[in-house]
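Line by line, the protein sequences give chains A and B.
For reference, each letter of the first sequence is one residue, going 0 to 277 in numbering that gives the first Met the number 0.
For reference, each letter of the second sequence is one residue, going 0 to 78 in numbering that gives the first Met the number 0.
Don't take every hint at face value.
[What the hints assert, rightly or not] From the derived model, a few chain B residues whose C-beta atoms are all more than 12 Å from chain A:
1. R3
2. A4
3. E18
4. A20
5. D21
6. A36
7. F47
8. E50
9. F61
10. A69
11. R73
12. A76
13. A78
[Unchecked claim] Result set (DSS-like, lysine-lysine): computed pairs, CA atoms no more than 27 Å apart in a straight line:
14. K249(A) - K142(A)
15. K268(A) - K13(B)
16. K38(A) - K119(A)
17. K1(A) - K213(A)
18. K170(A) - K249(A)
19. K87(A) - K100(A)
20. K219(A) - K45(B)
21. K13(B) - K92(A)
22. K45(B) - K213(A)
23. K13(B) - K87(A)
24. K142(A) - K100(A)
In case anyone wonders, no lab produced these hints; they're calculated from the structure.
Beta carbons are placed, not taken as given, at the ideal position from N, Cα and C, and that holds for glycine.
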Amino acid sequence: MKRIGVVGAGVMGTGLAQDLAQHEFGVTLIDRTEDILAKADEQIRANVRMGRLLGGKQPAFDHELISFTTDYRQLAEADFVIENITEKWDLKKEIYPRIDKICRPDVVFAANTSAISITKLAGLTGRPGQVLGMHFMNPVPMKPTVEVIRGWHTSAETLRTAQELLAGLGKEGIVVADAPGFVSNRVLMLTVNEAIYLVADRVAEAEEIDQIFKSCFGHKMGPLETADLIGLDTILYSVEVLYESFNDSKYRPCPLLKKMVDAGLHGRKSGQGFYTYR
Amino acid sequence: MDARAEIRGFIAEKFPGVEFADGDDIFALGFATSLFAMQLVMFVEKGFGFEVTNEDLEMANFRSVDAMVALVQRSLAAA
């Protein structure tokens, strides 16, 4: 595999493009507008510098390895495609049939998703055996492990190809089956949601809850700090997806979470969540 | 432009009420985070009109007001 198609140049797509280029893969990074691509380019340059500033020794970064484009036809040259667009089914369902027509028949499609059914996405293509999930964590260049999801039809060969790509990035994949929220989000989102209930029920303050997770369990961050980092709007959306997917009341979103989202308290990005950020 | 005053002013504006000396390691004091380090890089570049080179892109150059003033003076002299 020499050239990787990365569809969607948001936070995950740009992190991925940077990481791929730093491991000497060619990257075709696609998004809808030149404006988004220009921002992605700027973000990638800033992230590489940030890595140098904080991490000391960094892999070489050849900016020329990344080609930025709005033209999906350029995916004809890709040896593997990773889709990172917004986590909305209505948007994703347009993309898969489109890239299915353009890409070579042997190319594998990986959905970088934390919520959407891989089996359902695979059903949008004529190559369901070559579709899998690869749930990369943020920031991509710093996270050594990826949750790899086997859809109903995903072949062993496809999983091997994906693991080969991950090995090229110095990462390891942990393969799990396709189910709402997979492993990571099903447990994390429910934990965060329950922690919010603790605040709502006045059992403890946010700081105390987080401190218990850090001091007692050795977690680097507590559930509410994590929620602020991810964004409370994203947390609510993920909990709602779990609730709707399982139709099980144990996933019901905490009313305090809904209220905070409605009030614009979205966590770090808005300056206020369970904590205040300047 | 007084580099020392500009840099002090930028930090003081972001962290009102926090006291620090020009020689203090603002990261060791605990109020500044690694994300703020990148903001300092961008502030220094925009404010003084030069690009921090890859070699200078390390925390040691941004730990204190003194270190940043030295970096600004060195970079402007080299430009």
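Structure versus earlier hints, numbers of those that do not hold, lowest first: 6, 8, 9, 14, 16, 17, 18, 20, 21, 22, 23 and 24
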